[in-house]
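**Student:** Same order as they appear, the protein sequences are chains A and B. Heads up: the first sequence at position 470 corresponds to 471 in my numbering, and the numbers run straight through without jumps. Heads up: the second sequence at position 70 corresponds to 1446 in my numbering, and the numbers run straight through without jumps.
Don't take each hint at face value.
As the list claims (entries may be wrong) - Chain B regions said to be covered by chain A (calculated; three or more residues, Cβ under 8 Å):
#1 1380-1386
#2 1478-1488
Claimed, not checked - Some chain B residues well away from chain A (every beta-carbon gap over 12 Å; in silico):
#3 GLU1400
#4 ILE1401
#5 THR1408
#6 VAL1417
#7 TRP1421
#8 LEU1437
#9 GLY1440
#10 GLU1443
#11 LEU1465
#12 GLY1468
#13 GLY1469
#14 GLU1472
#15 PRO1492
#16 SER1503
#17 LEU1505
It is worth saying that the hints were derived from the structure and are not from the lab. Beta carbons are placed, not taken as given, at the ideal position from N, Cα and C, and that holds for glycine.
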Amino acid sequence: MNELDPETLAIAREEATECLERIERNLLALEGGSDDPDLIDALFRDAHSVKGAASMVGWTQVSLIAHGIEDGLEGPRDEGRLPKEQIDPLLKATDELRRAVDKAGGGAGEEAAVPLSPTVDSGADAQPARSTETPTHKDEQRHMRVDSGKVDRMLDAVGEAVLHRRRLEHIVGERVLIAGDDAAEEELDQGERLLDELQDAVIEMRTLPLSTVTAHFPRAVRDLASAEGKEVDLTISGADTQLDRVILEGITDPIVHLLRNAVAHGIESPDEREQSGKPRRGTVELRAEQRGGTVAIQIVDDGRGVSAELLERANELGSLTDMLTTAGFSTAVEVGDLAGRGVGLDSVKSHVETLGGSVEVRSEPGRGMEVSLLLPVTLALLKVLLCERGGQPFGLPVASVREVITVNEAASLGGQPCLEHRGETVILGDLAAMVGASPPPPPLPQPPPAIILASATRAVAVACDRVLDDRELVVKGLGPLLANVAGYLGAGILEDGRVALILDPNRLLEMPSRAAPAVAPQAEKRAAPKVLVVDDQFSVRQLQRSILEAAGYRVETARHGREALEKIAADPDLEMVLTDVQMPEMDGFELLGAIRQDPEHGALPVAIITSKGSDEDKRRGAAEGADAYIVKKEFNQQALLETVGRLVGG
Amino acid sequence: MSSMHVRVRAGNEHYALPVGGVREIAKFGQITPVPGAPAAVRGVWNLRGDVMAVLDLATLLGLGGAEPGCIVVVEEGDLHGGLAVESVLDVGGSPEPLEPTDSEYLLGAVLVERTPVGVIDLGAVLSALSTGAAQ
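Bound conformation, chain B alone (with noise of 0.2 Å):
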């Protein structure tokens, strides 16, 4: 076992975000859609004043699935931000080494209880839109 992680369902897959990076887990809230945004930005959400910005974990990584439930605020460095994803489904260590994938956003993937877990970077989540990957 090695470092914990947030595991969360996203477009009916699996994916793992390090615990360090995980502010807080939110209900899925009301949130104002902003005209104008890249498609993986679901909008702007009020969290106790703070006005940030939640992208669509889905969306970003191409996938489809269900209406998000929840919101998992992270950060990285000075960004931070929400990611709407399904469902939380639980915290825990990840086994290493990561299998190396082609997706920018996952540091690499791993099989938990049998189940492929993407391990995402969240640098490469949160830069996404000022780079200019995901519009």
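Same shape as in the complex, but just chain A (with noise of 0.2 Å):
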């Protein structure tokens, strides 16, 4: 464990400073002469916890002075009374614990706070020192935390600003150009400009470059290569594309799971890629690029490809995309050791395009496959179409909008209508009836508009009453009491106040395969074991979960035993339990006694991870019914996964 990812160490190092923090209070709150035992427990669990978490991240003389203030606290702690003369050496070894802790971190120990930018020289001229700017570094990085809903908030205020403007122009616009009053007409004009610039302003406030979630991703992929006995490396490009705050957190697990793919599935071992002429060090490349107002990430491998045979396979049934994101799909087809190229590709698809996005797949037999997300920028404004059925406004990303079409002659497939589009047949359907609009409205128009949808597979034909206009709209959610209502991207409000539904182009899109014969029969699929980790820190509640999803391991947690039996009984995939001892509410060993009591998930395997592993610990374990022992002292990632290997069978 001598490498880990910065965001990790950060972590350990924020929740150690919260631990010391407390220790400190709370040791003053005993001095100051409250003789509350739960106090003395508190310390107890925070100078643990400080320990646990230093000795997995590899700060030995930092988990050395949190052991030695358990020690000091262990009879204080048996007898519910902390005499005064103790807390004196106590509140010091708290200094120095926290002294030990910023050295470790790197954090705000003196010597790391210098700054390391270089300072500006613009040439060999030596220019007298400006002495007015000389303290002032540190504001070049100066950043605010803003709670998020705060921003959202600010965001909903503008748009209503920016509707308020719309209404006031479409009141007296017209008679201002009728009157010929140039200057009321250049403040309406300044006004559009200025809102617009702090809508565009607020908005950026919500986007966040790639690389905050991108950090721990080398290490994933090096600890699952050579986990496998490959070689690769991973490239990043483009980690400074801005996204939308709520993309990037949708997006991190399918990025995850797509390197996993490519580094398990599509690069090759060294030897079978030498025989097939290439270096034996694979390529695995994340690029991220802003195009307009969509971000393409795209996850790239030099690895094996599918089989030709697949990809004419795939041709003959609509796309290899098509083929490779059906649910089963990756059990459904026997081609050996190239099934795995579709693991949960399906759910990708599915987690991307409730984001309102789309997932192309592309492959070269032998050379490689590449695997391409491509997502809004942001979810605050999205540019639609907005169109009419049945009186009431509907919105339609205009990404996926093709062109706008009269509908003169339509004909029947398979009972189904359609119409032929530049050269294609395209399935038509009433937006009425694709979105289940009840009840039905009057019949459409003779003939009808339609939008042609289109993604980079199909295409589908959408007729309503009219289409208005295209602008862009204020996306807002339909709110939690909808959250179970599929097909909608979320609502805009239009200047007369109505609001319009945003529709999801990918459900439209969908409508004709439904009705089509399904592309692959649906096997039993066996997705990766699902394992629970529960400790109260949260950098090793982190720690355990990197590690075990970079070995595919689909991972839940929980901060305490109580927690912990909530997930197991909500949660019927959990095939094991990974536990910490002590956590407050209820601990590792009340946890295993209440699963082994529970009838219904008695027999639910469960490892216990102790920093101490003395054998009165392991003697309770047993008798209690744990199935296996980590000691975090000794832990490493092979050890880990041995036991949950082992205990899932997987």
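Combine both chains into one complex, guided by the hints.
**Tutor:** Structural data, given as structure tokens:
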């Protein structure tokens, strides 16, 4: 464990600092006369937490000092009383602990705070020092933490102001124009510009660079490659590409999944690569770039790709994307170890689609594979084409609209109306029927206009009463009450105050294929085993999660025994539990006992991670029915993965 | 007299909403239907820039009745939304104890001036969609 990613280290440091603050506060409270035994318990727990986290991230000194504090508290904890004369030494030890954390974490330590940025030196001529600027280097990177909810509220308010301005223009604009009042007209224009600028500024606040989530990717890839006996380089380009915060959160898992697929199934073993004339080291590339209002994130590998035979079949059936993103594909097609290429692509697709994006897959047999995720830059503002059906306005993302046509001639194919568009047969649907409007609105006008929606692989014609114009709408969610209603990206408010539902084009594009025969028969699919990680420390949970996920497991986490029990009851997929011992609310042994007594989940494998490794702990664990032990001090990935692999048989 | 309630009329019956959960009362306005949503969902509504779901109280309770005339904006925990009702009658205390009822959306019933009044469980009503009860 010598090359932890900076993110995990930062988290560990932040957490240790929190614990330290609490230790200090509690010590001071005890010194001030409080005799609450819970405070001593809390002290013990915090010291223990710092120790545990420190030993996992390899901070030996921190771990040793914390261990000393913990030892010193053991007696007082059992007696429920901390003698006053012990408080001062404990406070001193806490200071020492803080220094050790700062040193190990490289954060607030004096030395580390020296800026590393080069000073501006514009040429050979010695410039006189600009004394006014000397002490202000910190200002360059001054950031403010703002609750994301506040930014969203601000965006709502700006959106309202934009609508208000449009209404105002609607009311007075014509009068101003007729009266020839140039000054007033100019003010109206100026108002529009200012508001647009304001709106852009707020939306920019919601975006973050992709690099905020890529930090741990290189390590995950390296670990997995070495576990698979492969040599893989990961290159990341375009990490500064900006994306909406919500989208970033949503695509992290799919990207990890695709990287894992590329390493585990795409890249061949070094020998195999050599035989086919490739360099021994495989390459996986993560590329991101903005193309207009869309961000393309591509995961490209130079591995074996899909077989020529599979590609041929895919082309017969539709496209490779369709074939690989159909649920159950991976086990349905028997093509040996190539089958794995489709694992979970269906879930990647549905994940990306809920964010208003789409997935494309390309592969050249023997040369590699390329998966592209196409995502909107922001979920906040969307360019939509407005249309009306049954008097109700609907918005369709312009990015998915190919063309607007008038349906003069419709044919029928297998009972389904369709039309000829640019040489291909496109299925024609009535918008009202496609979204399931009830009661159905009056019939369409004849001939009706239709919007051709298209993705890379399919197209559909959506007929409506009339097509209005295209515009940018501030997208609002339909709210928690309607979270279960599928088919909408959200809603936008029009100038007249009406709410236009924004349709998810992917749902409409799927319509024809629902009626068409399935691409591949649904076979029973064995998903990756799911492990519940229980620990009260975020850093430990994250660390274990990244190790397990890199090895292909699915991971759920809980902060203490009680939460773990809730998750076990709620999630029948969980196949094993990995738990810490010391936790608030309900500790690891109590959790183990509760699981064993549960008639439904009594047989769930439980592995205990303990920092002590004492015989007494082991005896207690064995008596309660633990399946395995991992001692934190000896903690390493191999041991963890071996234990988990043994217990879930995966 | 005990806790204050807003009494409303829905499906020709009387119901009481705890005052603490009522954010405001508005005239029934233009509502955009959401195709594909459960029957009890009237649609979405724009309240000063906030898009919120509006539920039809009578439909949710399995009643018929006249067209709604009011929207009562209610909240409970993280959830909020509009409840479409025929009209708002008054605000007042309601006597306790409550008689138990078998509706999952009611905390119980009381008699106010010899008229039975169902006391709405806002939490149950607002989470009806997510739990699938109203599907």
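**Student:** At 12 Å, judged by beta carbons, does B/GLY1469 keep clear of chain A as stated?
**Tutor:** holds (29 Å)
**Student:** Going by Cβ atoms, does B/LEU1437 stay more than 12 Å from chain A at every point?
**Tutor:** holds (17 Å)
**Student:** Is the nearest Cβ of chain A still more than 12 Å from the Cβ of B/GLU1400?
**Tutor:** holds (16 Å)
**Student:** Find the nearest Cβ of chain A to the Cβ of B/GLU1472 and say whether that gap is larger than 12 Å.
**Tutor:** holds (29 Å)
**Student:** So B/GLY1468 supposedly isn't at the interface. Is its beta-carbon more than 12 Å from every beta-carbon in chain A?
**Tutor:** The claim holds: B/GLY1468 sits with its nearest Cβ about 28 Å from chain A, beyond 12 Å.
**Student:** Does the no-contact call for B/SER1503 survive, Cβ to all of chain A over 12 Å?
**Tutor:** violated (8 Å)
**Student:** If we take the beta carbon of B/TRP1421, is the closest beta carbon in chain A still more than 12 Å away?
**Tutor:** Non-interface label on B/TRP1421 violated, nearest chain A Cβ at 7 Å vs cutoff 12 Å.
**Student:** Can we confirm that no CB of chain A comes within 12 Å of the CB of B/PRO1492?
**Tutor:** holds (28 Å)
**Student:** Check, residue by residue, whether the stretch 1478-1488 of chain B contains three or more positions whose beta-carbon lies closer than 8 Å to a beta-carbon of chain A, and give the verdict.
**Tutor:** With 0 residues close enough to chain A, the hint is violated.
**Student:** Looking at B/ILE1401 again, its CB stays over 12 Å from all of chain A?
**Tutor:** holds (19 Å)
**Student:** Once the closest CB in chain A is found, is it more than 12 Å from B/GLU1443?
**Tutor:** The claim holds: B/GLU1443 sits with its nearest Cβ about 15 Å from chain A, beyond 12 Å.
**Student:** Confirm or reject the coverage of the stretch 1380-1386 of chain B by chain A under the rule of 3 or more residues with a beta carbon closer than 8 Å to the chain's beta carbons.
**Tutor:** violated (count 0)
Hints 1, 2, 5, 6, 7, 16, 17 from the earlier list are contradicted by this structure; the remaining hints agree with it.
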